[in-house]
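A.B. asks: If you want the building blocks of each chain, they are given just below.
Number of protein chains: 2
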Amino acid sequence: MEGKNFLRCLFFICSVVLIMLFTAFNFPTPLSDKSELLECATNSAWCTAKNRILRHPHRAPLGHDHTADVPHHPLDPLTIQEMNKVQKVIKSFFGKSVYSVHSLVLEDPEKQVVLKWQKGDPLPPRKASVIARAAGKNYLLTVDVESGEVVEHDTSHISGFPLVTLEDMQNVIFAPLSNAHFNRTILERGVDLNDVACLPFSPGWFGKAEDGRRLVKLECFTMKDTANFYMRPIEGIIVITDLDTSEVVEIIDKGKHIPIPKAAGTDYRLSAENGPVIKLPNPISMEQPNGPNFVVEDEHLVKWANWEFHLRPDPRAGVMISRARVRDPETGELRNVMYQGFSSELFVPYMDPEEAWYFKTYMDAGEYGFGLQALSLDPLNDCPRNAKFMDAIFAASDGTPYVRSNMVCIFERYAGDAAWRHTESPITGKLILEARPKVSLVVRMVASLANYDYIVDWEFHADGLIHVKVSLTGIVIVKGTSYVNMNQVKENEDIYGTLLADNIIGVVHDHYINFYLDMDIDGLDNSFVNVHLQREYTHGTSPRKSYMKVNKTVAKTEKEAQIKLKLYDPSEFHVINPNKKTKVGNPVGYKVVPAGTAASLLDPEDPPQKRSAFTNNQIWVTRYNKSEQWSGGLFAYQSHGEDTIQVWSDRDRPIENKDIVLWYTLGFHHVPCQEDFPIMPTVSSGFDLKPVNFFERNPVLRIAPYVENELPVCKAAASA
Amino acid sequence: MEGKNFLRCLFFICSVVLIMLFTAFNFPTPLSDKSELLECATNSAWCTAKNRILRHPHRAPLGHDHTADVPHHPLDPLTIQEMNKVQKVIKSFFGKSVYSVHSLVLEDPEKQVVLKWQKGDPLPPRKASVIARAAGKNYLLTVDVESGEVVEHDTSHISGFPLVTLEDMQNVIFAPLSNAHFNRTILERGVDLNDVACLPFSPGWFGKAEDGRRLVKLECFTMKDTANFYMRPIEGIIVITDLDTSEVVEIIDKGKHIPIPKAAGTDYRLSAENGPVIKLPNPISMEQPNGPNFVVEDEHLVKWANWEFHLRPDPRAGVMISRARVRDPETGELRNVMYQGFSSELFVPYMDPEEAWYFKTYMDAGEYGFGLQALSLDPLNDCPRNAKFMDAIFAASDGTPYVRSNMVCIFERYAGDAAWRHTESPITGKLILEARPKVSLVVRMVASLANYDYIVDWEFHADGLIHVKVSLTGIVIVKGTSYVNMNQVKENEDIYGTLLADNIIGVVHDHYINFYLDMDIDGLDNSFVNVHLQREYTHGTSPRKSYMKVNKTVAKTEKEAQIKLKLYDPSEFHVINPNKKTKVGNPVGYKVVPAGTAASLLDPEDPPQKRSAFTNNQIWVTRYNKSEQWSGGLFAYQSHGEDTIQVWSDRDRPIENKDIVLWYTLGFHHVPCQEDFPIMPTVSSGFDLKPVNFFERNPVLRIAPYVENELPVCKAAASA
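Protein chains in written order, with my numbering: chain A, 1 to 720; chain B, 1 to 720.
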């Protein structure tokens with residue numbers, strides 16, 4: 001009996017230990033005050049106690065305390081400690097001048113240095129790239145983190161301003177309410193001043209009016225009775241304000257006859273729903289009870305299946321993927337595919353030439369920061385349950401670092417599709433049915449540019465394919481109108497959009513997202529090949545009149561690689577390494593596979609089109625140049641368009657067998673429809689980077705099929 | 001104590017009953033001999049004991065015994081009993097003539113009859129549509145199942161032949177081996193006759209040579225040392241054979257100098273792999289332990305979320321979706337979207353004009369039967385674990401019904417994406433993060449056309465969108481060559497493809513899949529609207545030079561709806577109901593959203609292009625006509641191209657406010673690459689049918705977010 005008691009005791013102890021271990025691993029660690037304070041910049045105007053930690057019912061626990069983070073890789077983003085050092089340097093650099101920091105990020109070491117670096121080597125000198133403004137001047141500085149040495153780069157030849165900071169916006173959004181005329185006109189429209197919310201929109205650049213001073217155009221809404229104030233515009237009032245002084249420069253007040261749309265039916269929040277919630281009774285979920293198959297080494301190095309890449313959040317680009325390499329299943333070698341890839345610029349022109357709308361031609365990355373606007377993700381609804389999250393460390397406008405938690409999620413996806421399959425026809429007498437499941441790895445962020453939400457996915461497939469997908473959702477920005485029915489609109493009248501609801505027009509617009517893709521296929525020196533498909537006649541040598549022939553042309557210079565896609569004059573577009581061939585003699589390469597593309601219809605000389613000239617072509621290839629990262633220009637805000645990819649490419653540098661960068665633009669025309677009201681179902685499009693004679697043969701030939709007894713064992717939800 | 005015993009006894013009895021019920025409902029019923037025999041036609045030549053039931057390690061249990069099936073819905077496919085009746089009628093119709101049945105399917109009742117029918121009503125008379133051949137003549141018959149009445153339709157004006165049956169193919173594949181010349185030339189190439197496999201390929205139609213007799217071109221391979229004989233072509237030998245007599249008509253024997261490619265590295269089967277299998281250590285799975293949220297009522301009526309549609313397998317089209325209706329969340333009304341949708345025809349032209357290749361211009365639905373070639377699915381690797389399966393009942397060439405089990409799968413998909421989401425910017429001070437998971441319903445079949453596999457998905461989204469996706473995988477058909485390295489190919493020599501491995505060329509080709517989409521938006525009478533986006537100049541009335549203006553044009557006649565897509569002259573394409581408007585006065589509609597489209601580059605007068613003239617445009621709209629279903633013609637095999645959608649559309653019938661059919665063609669150019677060897681990673685493309693002002697507002701506004709405690713509870717695999 002003593003033995004039995006001992007066993008009981010042992011069992012009890014083991015159970016307790018197991019429960020404790022389970023608790024320790026599965027429950028969020030209590031927040032340290034420090035990480036809580038760092039959640040947003042405590043010294044920032046917008047960082048009130050209320051939004052310091054954006055708490056949400058489904059919110060995952062915050063990541064770890066980043067105060068002690070150290071860099072492990074030459075491309076690791078600046079740590080809090082490093083940013084603090086840089087902040088001190090900047091402070092002393094500007095002395096007693098008032099200054100604002102618009103960007104404080106790692107300055108990447110030279111490519112050659114990064115390529116040579118191996119784990120265990122000391123890191124190359126850590127440097128910060130700082131964009132700041134002081135005394136009405138843009139500064140581009142390189143700060144050596146250790147030595148504190150500052151190098152100032154001359155940018156006087158580039159027009160425009162750095163992106164607006166969150167603090168810029170916070171400072172200016174109440175400016176209209178300090179103006180008597182504004183308040184009077186608001187009251188005249190029957191709106192309580194307490195209900196007014198004004199949002200700062202970039203003014204674009206159309207000539208003299210936007211020269212010399214940093215401006216913002218505020219558009220105002222009433223928040224009364226809805227969280228979705230975007231649907232309640234106070235139409236026609238634009239408050240032009242100086243961003244540096246918060247001074248109201250001009251008020252345009254045109255839409256007095258336009259009623260403010262009703263609040264009813266505009267709120268999209270679960271808590272605001274009056275009707276019954278729609279819920280599929282039986283839950284469906286992506287499950288991975290043993291955990292993921294990827295690791296994130298040293299905070300930023302992602303390793304999954306045959307892929308390895310460096311991942312870091314960036315305030316301007318959103319996420320940056322660097323040194324993407326894929327392991328060759330034949331040789332075991334880790335092969336270079338892409339040195340760096342990120343969303344470089346966006347362009348969202350609205351198609352309404354009227355005074356309150358013509359300027360809406362946003363460049364979301366350069367004007368607002370695509371990453372700055374990427375907020376914390378909802379762990380169960382933005383990403384599946386098996387996702388892991390990555391925090392970002394960004395700098396407030398005084399240079400103070402803060403943590404944007406859960407900005408990026410990483411997850412494996414299985415969506416029920418096959419990586420490849422074949423059944424042999426019964427007539428051959430062979431009984432063959434081979435199919436393999438497709439599992440991929442997704443890196444996701446969501447940027448919320450005021451009303452719109454952009455979901456950006458980098459999806460890595462085991463067969464070497466990289467799929468980049470952009471999904472649009474969120475809220476369509478609308479225009480107030482006196483119309484409540486299309487039968488009130490005159491025959492030839494253009495309302496520039498669709499009547500979405502009473503007094504609400506969804507204005508036609510485009511979305512373009514330009515991607516920087518520094519492909520380095522098995523090395524730096526690559527070529528761009530136009531694999532042209534064209535009709536060839538047989539001239540009586542065959543019963544066939546015609547066939548499609550492939551003609552390959554290597555682009556010698558940049559202008560030859562300014563590509564407009566043509567459905568009836570098609571090509572494939574390959575980036576190859578002319579110095580490396582497969583066993584049978586094909587140059588190794590990757591191709592960009594466009595899909596769902598739109599082309600800008602604006603006049604090439606229209607100022608917005610000149611500024612976002614990256615939409616002049618769908619594909620560009622430029623000579624690698626460390627300073628050419630932002631296709632709409634370094635200082636996109638109020639830029640004139642003289643620092644764009646069009647200008648760089650028109651230099652027509654040689655690109656054959658050189659270090660080259662591929663640029664691809666995804667496009668969407670959006671004619672809103674009523675289904676987009678009051679919040680828009682997700683619309684997606686994407687493109688592929690696909691191996692083409694990169695591998696000797698199908699690289700996923702040997703992946704195993706699923707078998708029943710290796711899959712998870714699941715039961716109904718705990719609450720069921 | 002007696003009470004306690006009684007309770008114990010009751011508990012025991014209840015448990016036993018529950019276990020029995022559970023077993024009865026969850027375990028496959030034992031196979032009756034009958035259903036096993038019916039798995040393929042026992043009287044069919046290809047139905048040997050070996051392939052009677054294609055047993056596979058992962059094979060799901062067969063569905064239920066279909067011998068007692070009865071129809072419940074006017075569109076339900078013919079049952080085994082009905083087919084047996086029809087078979088008797090056909091037998092007596094042809095009397096002593098030798099005949100073959102090429103199609104035996106339900107003849108749909110008139111549309112108006114189906115629309116009026118409600119559950120509980122008696123079914124309209126059941127009729128069969130039979131395509132048969134006897135004494136060298138095509139027959140198109142309507143057979144009344146009950147009365148046995150036969151109506152013969154005149155098809156003498158249409159060229160071509162019905163699709164080849166599996167029995168046709170089986171009868172002819174050994175014909176070459178009965179020819180002494182063939183055997184001699186095979187032996188001369190060092191191939192053992194026992195290793196030879198010949199496959200029957202449709203000859204197309206190029207003029208006199210293909211007139212008057214039903215031909216097939218056999219191409220042969222050696223099966224030695226590989227299951228992937230497609231990679232071992234005996235190049236240049238084409239055996240032209242009469243399909244009706246199995247007589248060898250002509251042997252083309254050209255490629256004697258071309259070696260047969262090696263077997264090494266060609267086998268793709270798991271069992272043939274020498275190297276280690278690649279397996280992600282931690283399984284990932286789509287889990288739904290409470291079962292699916294859809295029901296399949298009466299065998300064919302699928303109900304899921306707000307969708308309801310009729311689903312049936314079809315030997316020519318694959319699957320047919322009928323009466324697709326969506327419930328309006330505002331009114332609760334079930335609204336008509338699409339009366340019928342299916343893949344109507346395929347076109348796969350190879351781009352090699354040489355003698356053994358020029359004719360390869362396949363029309364897979366009309367020549368082979370896209371559904372006939374859709375074999376049983378692998379339950380864990382073709383479809384996710386939560387899938388349910390549907391069997392097909394098809395007819396053998398003598399009219400005998402057989403069961404194609406697990407031909408279609410139906411499953412709900414959650415891939416980790418959001419149906420919609422929005423985070424409010426922190427500058428507004430509002431703490432909003434709302435995101436909703438996207439769950440969809442997929443109907444899938446896979447047709448294996450000899451070497452190639454086409455995965456066709458109809459995906460229904462809760463927001464009213466239908467996404468049609470076609471994925472290509474399987475084996476690229478290759479050409480033997482003497483080359484083993486590209487450096488052997490002369491400067492200007494065209495090898496019509498890519499050298500994939502030693503002695504193997506992957507020949508350039510296209511894939512087109514044309515979809516019949518009988519949209520009936522809230523009723524029969526619809527219009528097709530070209531929503532044209534065009535550049536408009538402001539002529540100095542705005543700081544903007546230009547904007548994009550929407551111009552809507554209703555197509556009056558069919559020719560106005562022959563649409564070639566243009567990137568720089570874009571349109572949206574709406575099918576609207578001009579008789580029904582939303583509250584704010586927009587006509588209700590759906591739009592077709594093209595993606596990943598390719599256009600045929602063949603000369604319009606080239607015979608293959610005339611036969612597959614559906615690829616002349618990406619979009620067509622025709623007046624509804626019950627007999628115009630197959631865009632490449634009713635008798636596509638060796639057709640001359642006078643019964644195509646081009647011909648129907650050129651009649652230019654009025655289509656404004658009429659019952660109209662939309663046709664959309666998905667296209668792929670395929671320049672093979674080494675990654676496609678020896679089996680091709682899946683490549684997908686698709687298009688959307690998307691509600692546009694169909695709903696008053698976002699129809700998925702009220703769907704619930706995921707919450708942790710409602711999701712499944714999973715643990716590691718049983719075998720882990």
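The set of hints was computed from the structure by calculation and includes no laboratory data.
Some clues are possibly wrong.
Restricting the straight-line Cα-Cα distance to at most 16 Å, the calculated cross-link-like pairs of lysine to aspartate or glutamate (EDC-like) are [stated by the list, open to error]:
hint, chain 1, residue 1, chain 2, residue 2
1, A, Lys583, B, Asp502
2, A, Lys583, A, Glu330
3, B, Lys581, B, Glu330
4, A, Lys552, B, Glu493
5, A, Lys549, B, Glu354
Please read all numbers here as calculations on a predicted model, not as lab measurements.
A.B. asks: It remains to establish, for every hint, whether it holds in the given structure.
C.D. replies: Here is how each hint holds up against the structure:
1. Lys583(A) / Asp502(B): holds (9 Å)
2. Lys583(A) / Glu330(A): This hinted pair holds, its Cα atoms lying about 12 Å apart.
3. Lys581(B) / Glu330(B): Distance of about 15 Å is within 16 Å: holds.
4. Lys552(A) / Glu493(B): holds (13 Å)
5. Lys549(A) / Glu354(B): holds (13 Å)
When held up to the earlier numbered hints, the structure conflicts with none and fits them all.
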